[in-house]
Every structure is written in C-alpha cells, then in structure tokens.
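J.: If you're matching them up, the sequences are chains X and D in order.
Be aware that the first sequence starts at 130, since it is given in the working numbering, and climbs by one per residue.
Be aware that the second sequence starts at 130, since it is given in the working numbering, and climbs by one per residue.
Treat identical chains as interchangeable: a pair holds within one or across any two.
Straight line, CA to CA, 25 Å or less: simulated SDA-like cross-link-like pairs of lysine to any residue:
id: 1; residue 1: 527; residue 2: 557
id: 2; residue 1: 524; residue 2: 495
id: 3; residue 1: 206; residue 2: 676
id: 4; residue 1: 589; residue 2: 209
id: 5; residue 1: 206; residue 2: 586
id: 6; residue 1: 211; residue 2: 633
id: 7; residue 1: 211; residue 2: 617
id: 8; residue 1: 524; residue 2: 553
id: 9; residue 1: 255; residue 2: 351
id: 10; residue 1: 427; residue 2: 582
id: 11; residue 1: 639; residue 2: 213
In short, the hints are calculated from the structure, not lab data.
Owing to the predicted nature of the structure, the values given are computational and were not obtained by experimental measurement.
Number of protein chains: 2
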Amino acid sequence: MQAKKIVVIGGSAAGAKAAAKARRLDQKAEITIIQRDPELSMASCGYPYYVGGVFDNRNALLATPTGVVRGPEFFQKTKNIKALPELEAVEIDRKNKRVLCTGVKTGVSSVVEYDKLVYCTGANAKVPPVAGKDLSGVTTLVSMADTDFLHQVVAEKKASHVVVIGGGLIGVEVCEALVNSSIEVTLVEMSSDILAFLDPQMAKLAANHMKSKGVKILTETALECFKGKDGKLTGVMLRDGSVLDCEVAVVATGVVPNTKLAADAGLTIGKLGGVVVDEFMMTSDPNIYAAGDCVEVKNLITGQQSLAPMGDLANLQGRVVGENIALGNTISFPGTIHTAICKIFDFAAGATGVSEDTARKNGFDAVETVVNASPDKPGFMGAKLLISKIVIDTKSNKIIGYQCVGNGDVSRQLATAAMAIQGGLTLDQLCCADLPYAPPYSLAIDHFIASAHIVQNKIKGRLKGISAEEVMGQISRKENVFYLDGRGPDEFEVLRLGIGEHYLPLGALKGRLEELPKDKDSEIVCFCKISLRGYEAAIVLNDLGYTNVRVMEGGIVAWPYKREK
Amino acid sequence: MQAKKIVVIGGSAAGAKAAAKARRLDQKAEITIIQRDPELSMASCGYPYYVGGVFDNRNALLATPTGVVRGPEFFQKTKNIKALPELEAVEIDRKNKRVLCTGVKTGVSSVVEYDKLVYCTGANAKVPPVAGKDLSGVTTLVSMADTDFLHQVVAEKKASHVVVIGGGLIGVEVCEALVNSSIEVTLVEMSSDILAFLDPQMAKLAANHMKSKGVKILTETALECFKGKDGKLTGVMLRDGSVLDCEVAVVATGVVPNTKLAADAGLTIGKLGGVVVDEFMMTSDPNIYAAGDCVEVKNLITGQQSLAPMGDLANLQGRVVGENIALGNTISFPGTIHTAICKIFDFAAGATGVSEDTARKNGFDAVETVVNASPDKPGFMGAKLLISKIVIDTKSNKIIGYQCVGNGDVSRQLATAAMAIQGGLTLDQLCCADLPYAPPYSLAIDHFIASAHIVQNKIKGRLKGISAEEVMGQISRKENVFYLDGRGPDEFEVLRLGIGEHYLPLGALKGRLEELPKDKDSEIVCFCKISLRGYEAAIVLNDLGYTNVRVMEGGIVAWPYKREK
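Model the full structure from these sequences, guided by the hints.
T.: Written out as structure tokens, the structure reads:
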C-alpha cells in the first residue's frame with residue numbers, strides 16, 4: 130500500500146498537533162506542514178508574557194521544554210514530518226487533491242498533493258477599517274512579528290503612552306505587560322465593561338484591579354481613527370473627537386476565522402464565519418479536516434454553534450484530527466463550555482459555562498445566580514480573596530456557569546467548576562462535593578461549595594439577594610432603603626461603602642432594635658464585608674417580622690463602585 | 130408550639146456547623162452545644178501550621194476571619210446558641226430524651242433535655258497500648274492541648290530529636306512543622322510506604338521529598354514501646370530492639386470514631402466502628418443524628434461503608450444535619466470519594482477516588498492506570514513538576530481514581546479529578562475536557578488531560594507501559610533488558626538513572642540502528658525525562674519490527690529509587 134499523503138495547512142497549535150498525532154499512529158505516512166509564518170509551533174498564548182519581560186529568551190516561545198527550537202530540522206529528525214515555513218497555501222484544488230502554494234519570500238509557486246488535508250489556518254486579527262490603521266505604531270498581537278515589535282517597545286522604552294483598543298483577554302494581558310514596564314497605558318473598550326465573558330459586576334471588579342495598577346480604562350468609548358504624521362502613529366482619535374496622544378496602539382478587538390481558502394474551495398462555512406466540521410472535525414469534504422481557531426464548535430450548554438479561539442481547544446481538536454486522518458473517524462470532539470482564565474496583575478479572572486447574560490439570551494428562563502465573596506483558605510495560611518458568581522438552571526437543578534475573580538486561587542475554582550459543568554453535577558451534588566481540603570489550599574468549606582450553598586439558600590427562598598448593581602440603582606433613584614452594615618466599629622473604620630448605611634454589628638442587633646425602621650414592611654438591605662453576617666442579620670430581621678429584607682450579595686468586597694473608604 | 134430543644138454533643142467542626150445551620154432555619158429553637166474541651170470550633174487542621182510557626186497567633190485557630198474568638202459569648206450573641214465548654218456528656222438517656230453531663234473541672238452533674246440530639250463526638254487518637262505510652266513527652270496532635278505542647282517544643286527548642294510514629298496525613302504534616310524548626314525528626318512507619326492513600330510509587334516520591342528536606346524515614350518499622358526515666362520519655366524502642374533516643378514522640382497512627390456514648394445508648398455501630406447513619410445523617414434513633422469523624426459514610430466508588438475523618442466532610446455533614454433536625458429530613462449526604470491533600474514542604478501530595486490497590490481489592494478487575502510526569506505550566510512561566518497516576522475502570526470507561534504529587538499546582542489537579550470522578554466523566558470526555566488555560570496557570574494541554582490521553586493510548590494498545598517498580602524488579606532479577614534513554618547528551622550529564630541504559634537521543638535513533646539489539650524480540654524499555662520521547666522512540670522501534678517494547682511510565686522524574694545522578 131502506498132504511503133498516505135497527509136498535508137497540514139498551518140503549523141501552529143492545531144496543525145502541529147494533528148501532524149504529530151498522525152505520525153504516531155501512522156509511521157509510513159508522508160506528512161507535510163505548510164506554514165506561512167517563519168516559525169512553527171509558536172506558544173502564542175505566551176506572547177504577552179514575553180512582551181512584558183516575564184522571560185527574556187524569545188526561543189522559549191518556539192522551543193521544546195528541553196530548549197530545542199521546533200524548526201524544520203526538529204520536525205524532520207524527531208517526528209519525520211516535513212515542515213515548510215514561509216510557504217503560503219494559496220488554493221485548495223479539491224478535484225485533484227492538491228494544494229497550490231507560493232513561497233512567501235521567493236514568490237515561487239509549488240504544488241503539494243494530499244490524500245488527507247488538514248485545515249488549521251487559525252484566525253486573523255479583526256482590525257477596524259478606519260483611517261490610519263496602516264500607520265507605523267499600530268499593531269496587533271497575533272504573530273511573532275507583532276510580539277517582537279512590542280517586546281522592543283517595552284525593552285527599549287520606545288513609547289511613553291500606548292493605547293490598547295479592546296478589553297478582551299489579549300487586550301487585558303497586553304495592558305499588564307506594558308504597565309509593568311512603566312509605560313502609560315489606556316485601554317479603550319466600546320462596550321460598558323471589559324472581558325465580555327464576565328457579567329458586569331464581575332467585569333467591573335477586574336477593571337477596578339487594573340485601574341489600581343495604573344491602567345486607564347475608558348469604557349463605552351469607540352475608536353474613530355488613528356492619527357499620524359510621516360507614516361507614524363501620533364494618536365488615537367475617539368468617536369467623540371478627542372485624541373489620545375500615543376506612539377503605539379495595540380488593536381485587540383478580537384479575531385475572525387481565517388477561512389478564505391476553505392471558502393474559495395467550496396467548503397461549508399458557518400453563520401459565525403468559521404469552517405463547519407462534524408464531531409470528527411471533518412469538513413464538508415471527507416478528505417479535509419479542520420481544527421483550531423478557524424472552525425466553529427458546539428457550545429455544549431446552549432447547543433448552538435460558537436467560535437472558541439483558544440489554544441487549549443486547538444490542541445485537543447488537533448489531536449482528534451490527527452487520529453481520525455490516520456485511522457478513519459474514531460474519536461470525536463464534543464464541543465466547548467467556553468472556559469477561560471486570564472491573569473490580571475495579582476488578580477485572575479475567568480469563567481466557564483455561560484454567564485447569566487448569555488444564559489438568558491439563550492432561552493434559559495429559570496436561572497438563579499449568586500455572587501459569593503470569601504477567602505480561598507484560612508486567614509492564618511495567608512488567605513486571599515475570591516469573588517465568584519455561580520449560575521444554576523433551576524429547571525435541571527444543574528450548574529451551567531461560573532465566574533471567578535480575585536487574587537486568590539481562581540485557577541482551582543474554575544477547574545472545579547469546569548469539571549462540575551461537564552459532569553452535569555446537580556446543585557445538591559455540589560453542596561456535598563468532596564474536594565481536596567487542607568489549610569494551605571482551601572477553606573474547610575471550599576469557596577466553590579460555599580457558593581453552591583448560598584445559591585441553594587436563595588433557591589429555597591431562605592436568602593433574598595440583591596446585587597450591587599440593583600443597590601446602585603436604588604441609590605441613583607434615591608429610594609428609601611434602610612442599609613444595614615452588620616460589622617463592628619473596627620472594621621467600618623477601615624472599609625466602608627458610605628451609601629448612608631447604618632452600622633449595627635450583628636452581635637448587638639437584638640439589643641438595638643429601636644434603631645431599626647418602625648414599619649415592618651420597610652425595605653432593608655443587609656450586608657457586611659462578605660455578607661455572611663449580613664445574611665444572619667437578615668434572618669434575625671425576618672424573624673422579627675420584617676417582610677422586605679434582602680442581603681447584598683458578596684458584601685463590600687464585591688461592591689464594584691466607588692467606596693467612601 | 131413549644132421551641133424545639135436541639136442538643137449537640139461536640140462543638141468542633143460538625144457540631145458547631147450543625148448548630149449554626151439549625152439556628153438559621155429555626156430562630157425559635159433552643160440550641161445547646163455540650164463540649165468537653167475548653168475550646169469551640171477549633172480549626173484543627175491548622176494545628177500543624179501553628180506548631181510549625183507558620184503563624185504565631187494561637188487565637189487564629191479559634192477565631193472568625195475578623196478575629197473574634199468563637200467562645201460561648203460569640204455563640205450566644207451572634208447565633209443565640211448556648212455553648213457549654215468543659216462539660217462532658219456521660220450518658221444519652223434515649224428513653225427520657227436527655228443527656229447526662231459532668232463538668233470536666235467541677236465534677237458537677239447536670240442534665241440537658243433534647244427533642245433532637247446531634248452526636249458529633251469526633252474521633253480519638255489511636256495510641257498503641259505499649260509500655261511507656263503515658264510518659265511525659267509522648268503526645269498526639271488532636272487537641273489544642275497537644276498543639277500547645279508541640280508549639281512550645283518548637284518555639285522553645287525543648288527537643289533535639291522528635292520521633293513521629295505513623296506516616297499518615299498528620300504524621301507527615303508534623304514532620305514538616307518540626308524539621309522546619311531545625312529539630313531532628315525521624316518518621317517511623319509500619320508499612321512499606323507512608324501516605325497509604327497513595328500507591329507505592331507515588332508514596333515513595335513523596336517520601337523522597339521529605340528525606341531531601343532532612344526527615345529520616347524508617348518504613349517497615351514497628352514501634353515496640355516507649356522508654357523513659359523519671360516519668361519522662363527518653364527514647365522510642367523499635368520492634369528490632371533498637372532505640373531512637375528522643376525527648377518527644379508524636380503518635381499519629383490514625384484515629385478511631387468516638388462512639389462510646391452512642392454504643393452505650395444502643396445506637397447502631399458499624400463494622401468499621403463508626404456510628405451508622407442513613408443518607409440524612411440520622412442514626413438508628415430518629416431523634417438522634419450524627420456527623421463528623423464519629424460516623425461511617427459511604428464510599429461512592431466502592432459502595433462500601435468507610436471512615437473518612439476529614440474536616441471538610443465534617444462541615445458538610447454538619448450542614449446536612451442542621452437542616453434535617455430543623456426541618457425534617459430534607460437534604461442528604463451522599464458519601465465520599467476520599468479526596469485528600471497534604472502539603473509536604475514545597476511539595477503537595479494528594480488523592481481522590483480509589484488507588485489502584487484499593488480498586489483491585491474492591492473487585493475492580495478491569496483497571497488501567499498510568500503514571501504521567503509533566504510540568505504544570507510552560508517553562509517560560511516558571512514550570513513546576515507534577516507526577517500523577519490516573520485510575521480508569523475500563524468496563525465503564527470512567528475515571529475512578531487519581532493521585533498527584535509534586536511541587537506544581539497539585540491542588541488544582543486534584544480538584545479537577547475530584548469533580549471528574551463525581552461527575553462520572555468518561556475517559557473520552559476527559560480527553561477533550563475544557564479546562565481554564567492560560568500560560569500562568571497550565572499547559573495548553575493540561576497535565577490532567579495529558580494523563581487521560583496517555584492512559585487512553587495504553588487502553589487502545591498504542592503504548593505498552595512498564596512501571597518503575599517493574600523495572601526495579603527486572604534489575605533485581607538481573608533480567609536481560611535493553612534500556613533506552615532517548616535524551617540528549619546535555620541532559621544525561623545532569624540527570625540519569627545509571628541502570629545500564631543506552632543513550633540514543635530520539636532524533637538520532639534512526640541513524641544509529643546498529644546500536645539496538647539484533648533480536649527483534651528482545652525486551653526493550655524506553656524512557657526519557659518524562660517518557661514522552663521514550664514513547665516516540667517506542668513507536669519507532671515497533672515500526673522497525675521490535676515486538677517487545679515498553680515505555681517506562683513517568684520517566685526519570687517519576688523514578689522513586691536511587692539514581693546515579
């Protein structure tokens with residue numbers, strides 16, 4: 130039997146993985162990677178950290194753990210894969226099963242024949258078609274070339290002010306990389322909050338942390354155009370006509386699947402603009418598979434198609450493709466729950482499953498949520514704060530979403546939640562979950578389990594919650610609400626909201642009933658630092674006959690607006 | 130209606146939680162906690178860290194996060210719970226629904242009546258009935274009194290040598306606490322390995338780390354008795370007659386459920402010696418519930434009864450009891466998967482589900498496992514090592530166990546695995562799991578998912594694994610095996626096994642075939658630092674017609690025996 134010809138277009142995450150996996154399963158195949166960029170197997174999620182100087186060795190982004198650069202020689206010698214960098218695929222000729230290519234530098238045309246083709250062209254940065262977008266100083270952060278440019282900006286202090294357009298994962302990571310290098314950084318975000326995968330309160334908490342580290346954030350602010358002189362960027366003009374003077378602008382307004390070749394070849398493209406694949410990652414042509422940022426995948430919670438341009442999913446999909454092209458369709462990629470995490474200085478922020486907003490937009494009409502704030506471990510072990518929001522579908526009683534921000538161990542919380550969602554765990558199961566506990570790692574009742582307990586209390590009607598957003602609404606409407614802070618004097622001397630709240634420490638409450646509103650139907654909102662004592666105060670008030678008592682979820686530490694102290 | 134009288138025997142984790150939860154659900158009930166110790170709500174899992182000087186404030190073990198000591202006043206004022214410390218329950222009179230008590234210091238008898246009784250007496254340290262066990266200097270670490278004693282030993286350097294008897298969680302934590310204080314520490318363990326929840330290879334890796342920090346470990350070593358002079362400990366005599374001179378010995382040979390009162394009152398006690406409860410945590414008397422270290426709970430994997438004296442489970446059970454005694458049986462505690470984690474200097478070690486050993490002993494006859502070693506995140510982000518073992522039941526294709534050790538983020542790995550087990554995730558699902566990925570937190574293919582990939586390769590027959598133990602067996606039997614280390618010269622100069630292996634870097638393998646055994650049926654074992662290149666070398670050899678090639682799982686870093694370098 131003749132050796133199978135496997136050709137992979139794109140040699141970054143998904144493509145390189147597919148090629149390596151296919152090789153392990155088929156030692157005879159001829160495997161070729163066609164790669165437009167000069168580099169292969171780039172650790173692109175590491176770009177912001179190289180820019181920010183977390184490490185200095187550029188090769189670390191391109192090398193194996195033992196320091197061998199994954200160039201053509203590496204692929205040839207250790208994997209018997211022919212990798213062809215700086216070669217651009219320009220046409221897929223499905224009839225003759227061949228790919229037409231052009232040398233990026235040479236301009237020389239060539240042809241590569243295939244039995245099975247793997248399409249891993251990734252995604253292109255979405256750059257708004259505004260005036261000045263081609264000025265020197267306007268960049269994205271999607272390639273090693275971009276990375277080298279920004280690394281130089283930081284290392285050689287080539288800019289005093291950088292404007293970052295777009296407050297998604299990359300935008301936020303770039304801000305950190307630049308501010309750490311004492312460059313002035315302004316983040317411009319069109320919508321009302323950064324990090325769209327978070328609900329507003331959570332996103333505001335993340336933004337507050339960025340601001341505390343010196344990043345200026347302008348939300349609800351749109352880019353008009355880039356201004357320049359002699360071909361060089363001099364400023365970013367906003368929709369309102371104002372100009373932010375800057376030498377560098379990083380456009381991080383998202384990516385679009387790179388499907389041109391696939392579309393030209395007549396492969397089915399989905400409504401969201403990605404290549405359509407089945408569960409085996411097979412395109413509409415059974416001889417062509419696709420993986421990575423260029424495809425659409427199923428959202429396992431909504432059942433809808435979605436775009437999920439994430440490096441981890443690209444690798445997992447590449448593995449599935451590698452096996453299926455080598456052996457026929459044997460394994461499948463079920464889809465994604467859109468798990469994401471992002472380092473924000475000494476904070477982390479992330480989400481898995483659906484946000485409350487996404488859930489409601491996708492027809493979940495019986496959703497209950499809670500915001501919970503608590504330490505990640507005991508105070509005596511150096512506790513750090515976690516603030517999370519859990520989303521429960523009360524019809525199925527299952528967890529469908531979870532968000533977490535804070536300087537505590539967010540990563541573990543999200544991993545816990547991601548597996549709980551993928552396992553279809555019910556709220557009852559979460560409430561009794563058996564997680565790894567020891568004081569160096571968690572509280573006796575882990576933050577995640579506590580979040581489950583609180584939302585269960587809400588669902589059972591024992592806790593009436595009110596969000597910080599709603600409280601802010603009451604305040605702006607000047608509603609007559611009695612705000613009760615259940616903490617002690619030492620505490621409110623160092624930290625307090627200043628929204629006209631009454632200080633009534635929980636332990637003293639029963640002795641100072643005369644300070645409470647006379648009318649038992651008065652609207653009362655209880656809270657404390659994290660609203661545990663707020664919850665207990667509410668129980669006492671309910672018992673005293675008050676009919677309209679709510680607890681502000683997450684307490685003062687989850688309050689995303691300005692505080693008095 | 131008259132207020133319900135709720136009485137709780139035991140005011141540590143489960144009891145205090147049950148009382149607090151009951152109070153939130155029933156503001157009218159009379160709630161009383163009977164507590165033998167002087168303290169309430171002790172954070173007993175924190176004892177070793179106070180002993181070790183991780184923090185100096187003793188009250189931190191007894192206080193709320195805001196620093197209020199959870200004494201009787203706290204319980205009264207903030208929770209309206211009557212807490213009676215230093216009062217010992219001496220008899221449960223079920224007929225008259227009352228508890229007979231004696232003041233610990235006063236000796237005064239009293240009676241407390243109940244409608245619902247909660248039995249949370251915890252567990253007692255198992256102290257072997259050997260000569261000298263009552264000598265001054267012989268202690269356990271289960272109470273504040275023990276903690277105070279050991280804290281003083283460390284703080285005032287009252288011992289030059291301490292012997293710890295028992296290499297379970299507490300024993301290991303005590304070793305760290307003492308060695309950090311530059312006391313000589315010897316750990317004596319009766320079985321062949323410490324930390325019985327780990328399979329031998331994993332336990333040996335943890336032990337190696339302890340030894341590297343200066344702890345002397347004697348396994349397969351039994352205690353004979355304690356030697357003393359003038360009532361003071363002078364040494365620990367071992368079964369072989371040798372004596373370890375020491376001033377202090379810490380007995381940490383496990384705990385037994387404290388069921389005396391329950392048994393005397395005729396409540397059903399299980400075969401393992403714990404109080405028998407149903408899923409509502411109700412004992413054989415419908416007016417008596419029990420929770421915490423004194424009960425038996427269901428092992429959710431084996432279906433068998435088990436003892437699980439863990440602080441987190443005690444709290445979760447206490448919450449269930451609190452709700453059920455307040456409202457009638459409404460929520461249940463399903464059981465445990467025996468999740469545990471333990472800090473060992475800058476290592477962590479833990480497990481969830483069943484070990485391979487436990488699985489086989491419990492009738493799982495189709496178990497596949499793999500040992501996987503890999504970094505927790507990219508090298509450029511400061512990678513640290515994780516070594517784990519995953520246990521799959523190939524009949525159901527589900528994960529039933531996971532162990533992890535290393536200085537990487539073990540906590541996240543275990544939380545991931547614990548939720549995967551509780552969610553009943555199949556191996557196929559694990560292989561495509563969507564976990565939080567960003568370079569500061571994980572590899573693009575997370576260590577946990579990689580473990581799933583490797584065991585799937587084994588199950589599909591693509592990888593024939595051999596454990597380090599088996600290799601050690603071959604060596605001791607002087608079998609004729611060709612060991613192939615697939616790393617480069619730079620690498621084996623700094624780290625190598627020295628078991629007569631041949632160095633044939635993967636990239637050079639095909640050019641140096643003459644160095645391989647002539648006989649294609651020769652036994653060959655491939656490995657490298659973590660055995661990824663070992664795996665690829667095995668694939669090449671198989672393709673060359675070698676019939677008897679295996680990969681040493683986990684590679685050199687998972688080798689638990691002495692290395693040449």
